[in-house]
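Participant: Chains A and B are the protein sequences, given in the same order.
The first sequence begins at 1 in this note's numbering and counts up by one.
The second sequence begins at 1 in this note's numbering and counts up by one.
Keep in mind that the hints were calculated from the coordinates and are not lab data.
Be a bit skeptical, because a hint or two may be false.
The list makes no distinction among identical chains, and a pair is therefore deemed to hold if it is satisfied within one copy or across any two copies.
What the hints assert, rightly or not - Below, in silico cross-link-like pairs of lysine-lysine (DSS-like), each with a Cα-Cα straight-line distance of 30 Å or less:
no.	residue 1	residue 2
1	Lys285	Lys367
2	Lys71	Lys383
3	Lys380	Lys203
4	Lys367	Lys432
5	Lys406	Lys182
6	Lys380	Lys25
7	Lys218	Lys71
8	Lys335	Lys193
9	Lys430	Lys102
10	Lys28	Lys335
11	Lys101	Lys10
12	Lys10	Lys111
13	Lys28	Lys432
14	Lys209	Lys331
15	Lys71	Lys20
16	Lys337	Lys101
17	Lys383	Lys406
18	Lys380	Lys119
19	Lys155	Lys356
20	Lys182	Lys432
21	Lys382	Lys364
22	Lys364	Lys230
23	Lys285	Lys364
24	Lys383	Lys247
25	Lys203	Lys71
26	Lys10	Lys209
27	Lys212	Lys193
28	Lys200	Lys119
29	Lys193	Lys406
30	Lys10	Lys200
Predicted, not measured: the structure shown is a model, and the values here were computed from it.
Protein chains: 2
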Amino acid sequence: MKSDILQRAKGVCDYGPTEKIARDKIIKTMRQVFESFGYNPIETPIIERYELFASKFGIGQESDAMRETFKLKDQGDRDLVLRTEFTVPFSRFVGMNPQFKKPFKRYQMGKVFRDGPIKLGRYREFWQCDVDVVGISDSIIDAELVQLTNEVFEKIGLEVEFRINNRKILNGILQNAGVADKNQETVIITIDKLDKVGLKGVKSELQEKGIKPAVISKILSTISIEGDNKELIRQLKNIIGDNEGLKEVEQTIDYVIDNQNVIFMPSLARGLAYYTGNVFEVYLKDRSKVNSSICAGGRFDSMIGGFLQNGESYPAVGISFGLETIFDAIKLYSKEKEQNSVIDLYFIPLSEEYIKPALKYCKKLRKENIKTDIDYTARKLKKNLEYANSYGVPWVVMLGEDEANKGKLTLRNMNSGEQALLDYESVLAKLKEELVIEDNKKEI
Amino acid sequence: MKSDILQRAKGVCDYGPTEKIARDKIIKTMRQVFESFGYNPIETPIIERYELFASKFGIGQESDAMRETFKLKDQGDRDLVLRTEFTVPFSRFVGMNPQFKKPFKRYQMGKVFRDGPIKLGRYREFWQCDVDVVGISDSIIDAELVQLTNEVFEKIGLEVEFRINNRKILNGILQNAGVADKNQETVIITIDKLDKVGLKGVKSELQEKGIKPAVISKILSTISIEGDNKELIRQLKNIIGDNEGLKEVEQTIDYVIDNQNVIFMPSLARGLAYYTGNVFEVYLKDRSKVNSSICAGGRFDSMIGGFLQNGESYPAVGISFGLETIFDAIKLYSKEKEQNSVIDLYFIPLSEEYIKPALKYCKKLRKENIKTDIDYTARKLKKNLEYANSYGVPWVVMLGEDEANKGKLTLRNMNSGEQALLDYESVLAKLKEELVIEDNKKEI
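Use the sequences and the hints to build the structure in full.
Facilitator: Now the structure itself:
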C-alpha cells in the first residue's frame with residue numbers, strides 16, 4: 001500500500017520550506033516592481049470553460065496548445081479546462097468588465113497547467129507571473145514593459161538580454177521573399193525554431209513544408225542580417241521597405257531610458273498565433289546552463305476586440321515571467337545563502353515547568369514581529385540545538401532554573417556559538433539590532 | 001459568438017483589483033501571524049493522484065468528499081484529481097520527506113476545489129490557508145493553534161469564538177449512551193449537523209438511522225448540558241467517567257494564555273472521519289450575517305502513520321482558514337475604506353513632449369518605492385483626472401510648459417483638490433510624509 005499511495009502525480013512538484021521561501025522572495029520582488037510601475041493585481045479562476053480556450057487555440061491546430069490542455073467535466077457535464085496561460089482569461093476578464101477605465105494595467109500571478117511531456121524545468125503545473133495593459137496602441141507602453149522587465153531582473157540579480165521583434169516585420173520579410181499570405185503562419189512557426197534547430201534545421205523544415213528554394217534562401221538571408229539595432233533597422237528598411245513593425249520596434253527602443261539591454265532580432269517569432277505586433281523574449285546573458293527564455297510576451301491587439309465584437313478596438317500588450325525558470329537560474333547563479341526557515345528565534349524552556357513562562361515571553365517577542373518558535377517537548381538541550389540548526393534558525397533563547405532565579409534569559413547566537421545571560425529588554429534590543437524585522441504597518 | 005465565449009465556468013469567481021487587494025491583505029496578515037508562531041511555508045501541487053484522495057475519503061462513502069472531487073486524466077491515462085483540501089497532501093508530503101526534523105511546522109495557502117452545489121459564499125474553487133504541526137502529541141500545541149487563530153482574527157479585525165471538542169469525548173458519550181462501535185461514525189456525522197438542523201433534526205435523523213429512542217435521548221441530553229468550560233468538563237466526567245479527550249480539552253484550554261475566547265462544546269463533531277482527538281471550529285461572534293464556520297481543524301494522529309506503515313507514530317494537528325468566508329465577513333463588518341488601486345501617484349505629462357522628461361521623474365519616484373503610473377496618451381487633463389479618480393489614486397503630478405520652464409512640478413492632492421507648484425525634492429518629501437511606503441529591504 002505504502003509505495004502505491006505515497007506518490008505525486010507525474011510532472012508536478014512539491015516545494016519544501018527552503019524552496020518555497022526562495023520562490024516567495026521572487027514573487028515578492030515581482031509584485032513590488034509590477035506595482036511600482038502602476039499595475040494592479042487581479043485573480044481569475046484556474047478552471048475555465050473549454051470553449052474559451054478552444055476559441056483561441058482551436059482543435060487539432062498545428063500548435064500543441066489544445067492537445068496539451070488538461071480537460072475535465074463538472075457534475076453537470078460541462079466541458080472545462082485548467083488554464084494554460086493568462087492572456088486568454090485576461091481578455092475574457094476585460095471583455096466582461098467594461099467598467100474599468102482604459103488603460104487598464106494589471107498583473108496576475110499563479111499556477112497554469114500543461115499536459116505535455118516532462119523535461120528538466122518543464123512541469124505540468126507551473127507558476128506564471130503576467131503583466132498586461134489594455135487600451136494603449138502606442139509603442140511607448142511596450143517600452144515600459146521592457147523597463148519593468150529589466151528592473152525585475154536587476155532586483156532579482158540575474159543578467160538578462162531583452163530581445164524584440166515584430167510580427168509585421170516578419171510578415172514583411174515573408175511577403176518580400178514571396179511567401180503566400182496563407183503560408184505565412186506556418187512559415188513563422190518554423191522560423192520560431194531557429195534558436196533550437198539552427199538555420200539548417202529551419203531550411204529543411206521549410207523545404208518539407210513545400211516552400212520554394214529561392215523563397216527559402218531569401219527568407220534566411222534576410223533574418224540573418226547582422227549589426228546593432230540601428231544598423232538592422234536601416235538594412236531592413238532597404239530590403240522590405242516602409243513597414244509599420246519597423247517603426248514600432250524603433251519607437252519602443254527609443255523610449256527605453258538609456259536603451260539598456262534591448263536587442264532587435266528579426267528572426268524572433270514566438271509561436272502563438274495571437275500576437276499582432278511587437279514580440280519579446282528574455283534570455284539569460286549566460287545561456288550555458290539555462291537555454292530557454294525566462295520571460296516572453298508581445299502585442300495581442302485583436303484578441304479582446306475579437307471576443308467583444310462591438311466595433312471598438314482593444315489594443316493590448318503584455319509580458320509573462322516563468323517562475324520555474326527564474327528559480328532554476330537563481331539556484332545556478334545567485335550567491336545568496338539559502339534560507340531553510342523563516343524563523344528568527346527558537347525558544348527553549350529547559351524543563352517542563354518553564355514552558356508557561358516561556359510562552360509569555362514568546363507572546364511579547366511575536367508582538368515585536370520576531371518570528372519565534374518554541375519547544376514544547378522539554379527534550380535534551382543537545383537535541384533542541386540540533387533541531388534549530390537543521391532549520392538554520394539564527395538565534396536561540398534558553399530559560400531554566402538559573403535564568404528564572406536571576407530573572408534573565410540566555411541568548412545564543414547559533415552561527416558563532418556565543419551566548420550571554422541577559423534580561424529580556426537586552427535580548428530584544430540585541431535581536432532588533434541583528435535581525436531584519438518586518439514592519440506590519442507597511443502595505444503589501 | 002460573443003455571449004457564448006464571454007463566460008466564466010460555473011461556480012468560479014474573478015477578483016478585480018479592489019477585491020484582490022483586500023484578499024491579498026488578509027493573506028499577508030495570515031502569513032505574518034503564521035510565521036511569527038514559527039510556521040514555514042511549503043507548496044504542494046494542485047493536481048494529485050486519484051488514489052491518494054480515494055485512500056482517505058473512499059468511494060461512495062457517506063461523505064460527499066469523493067463525489068464532489070474534480071477528476072481528470074493526463075495524456076498517459078492516469079487518474080488524477082484537483083485537491084479538495086491540504087491535510088491529505090500535507091500527510092503525503094511529510095511521508096515522502098523524512099528529512100525534516102520533528103516537530104515539522106508548516107503553513108500552506110492556495111486554491112482547493114470542490115465540484116459541488118453552489119451557494120452564496122460557497123464556490124467550486126476557493127482559497128484555503130492551513131497551518132499544521134506534525135510530531136507533537138501533547139495538547140500544548142493545540143493551544144498554540146488556538147492562540148495563533150485568535151491572533152489572526154484580532155489583526156484582521158473580526159470578533160470570533162473558538163469552539164473546541166474532542167473525538168474521544170464524542171466516542172465516550174456515544175459509548176455511554178449505548179451506541180455500538182460500528183455505528184459511532186454515522187451517528188457523529190448526524191450530530192455534526194446539530195448547528196444546522198437543531199436537536200429535533202438530529203433526533204429524527206438518528207431515528208431514521210435506526211438508533212433506539214432511549215439511546216437517542218441519552219445522547220441528546222448529554223450533548224445539551226450547559227455551563228462554562230470548567231462546569232461542562234466536571235459534568236461530563238460524572239457522566240462518561242475518565243476520558244482521554246476530556247483531559248486533552250482541559251489541557252488545551254489551560255495552555256491558552258488568558259483562556260481567551262475558547263469555548264468547549266461537547267456537541268461539536270466535524271464531519272471528516274480522519275480526526276482523532278481535538279476538533280476546532282471558529283465562528284463570528286455575530287452570526288446574524290455569516291453563519292458558517294470561518295476556520296476549522298483538529299487532530300489527525302493516524303493519517304501520516306497510516307500512509308507510512310513504518311511502526312512510527314506521527315501525531316499531527318492543524319487548522320484551516322477559509323479565505324472566502326473571511327473576505328465576506330470583512331466586507332460586512334470592516335469599517336476600513338476599500339482600496340481600488342495600489343497606485344500612489346499618477347503622473348500626467350500635459351503634452352506629448354513632456355512624456356520623456358516625465359519618464360525620468362517616474363524612474364526616480366519608483367526607486368523611492370512610490371507606486372507610480374503615468375499617462376502616455378497626452379489626453380485632456382479632465383479625462384486624466386477622472387481616470388485617477390476612478391481608481392482612487394490619492395496623488396497626481398503634472399508636468400507641462402509652465403512647470404518645465406520653472407524646473408518644477410504641480411502636485412495635486414486628489415482628495416482635497418489642493419495643488420501646489422513644487423520642486424522635485426519637495427514633491428518627494430511630501431509624498432514620503434503622506435504615504436505608507438513599503439520598504440523593499442524587509443524580508444517576506
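Participant: Take the hints in turn and mark each one as holding or not.
Facilitator: Hint check results:
1. Lys285 / Lys367: Only across copies: lysine 285 and lysine 367 sit 24 Å apart there, 44 Å inside one copy, limit 30 Å.
2. Lys71 / Lys383: Neither. Shortest intra-copy (49 Å) and inter-copy (44 Å) distances fail the 30 Å Cα cut-off.
3. Lys380 / Lys203: neither (70 Å within a copy, 52 Å between copies)
4. Lys367 / Lys432: For lysine 367 and lysine 432, both the intra-copy (12 Å) and inter-copy (26 Å) Cα distances are at most 30 Å.
5. Lys406 / Lys182: neither (87 Å within a copy, 57 Å between copies)
6. Lys380 / Lys25: The answer is neither: 35 Å in one copy and 40 Å across copies each exceed 30 Å.
7. Lys218 / Lys71: neither (42 Å within a copy, 51 Å between copies)
8. Lys335 / Lys193: Neither, since 33 Å and 56 Å both go past 30 Å.
9. Lys430 / Lys102: between (51 Å within a copy, 28 Å between copies)
10. Lys28 / Lys335: The answer is both: 19 Å in one copy and 28 Å across copies each meet 30 Å.
11. Lys101 / Lys10: between (43 Å within a copy, 27 Å between copies)
12. Lys10 / Lys111: Result: close both inside a copy and across copies, 16 Å intra and 20 Å inter.
13. Lys28 / Lys432: both (23 Å within a copy, 22 Å between copies)
14. Lys209 / Lys331: Answer is neither: 41 Å inside a copy and 59 Å across each miss the 30 Å cutoff.
15. Lys71 / Lys20: Both. Shortest intra-copy (28 Å) and inter-copy (27 Å) distances satisfy the 30 Å Cα cut-off.
16. Lys337 / Lys101: Intra 44 Å, inter 21 Å, cutoff 30 Å: inter-copy only.
17. Lys383 / Lys406: For lysine 383 and lysine 406, only the intra-copy Cα distance (25 Å) is at most 30 Å; the inter-copy one is 69 Å.
18. Lys380 / Lys119: This pair counts as neither: shortest intra-copy Cα distance 46 Å, inter-copy 52 Å.
19. Lys155 / Lys356: Classified as between: cross-chain Cα gap 24 Å, same-chain 43 Å, threshold 30 Å.
20. Lys182 / Lys432: neither (67 Å within a copy, 57 Å between copies)
21. Lys382 / Lys364: Intra 26 Å, inter 51 Å, cutoff 30 Å: intra-copy only.
22. Lys364 / Lys230: between (62 Å within a copy, 28 Å between copies)
23. Lys285 / Lys364: Answer is between; shortest inter-copy Cα gap is 26 Å, intra-copy 48 Å.
24. Lys383 / Lys247: Between copies only: 28 Å across chains, 67 Å inside a chain, cut-off 30 Å.
25. Lys203 / Lys71: neither (36 Å within a copy, 44 Å between copies)
26. Lys10 / Lys209: neither (35 Å within a copy, 42 Å between copies)
27. Lys212 / Lys193: Within one copy, since 19 Å is at most 30 Å while 74 Å is not.
28. Lys200 / Lys119: within (24 Å within a copy, 59 Å between copies)
29. Lys193 / Lys406: Answer is neither: 73 Å inside a copy and 54 Å across each miss the 30 Å cutoff.
30. Lys10 / Lys200: So lysine 10 and lysine 200 fail the 30 Å test inside a copy (35 Å) and across (49 Å) alike.
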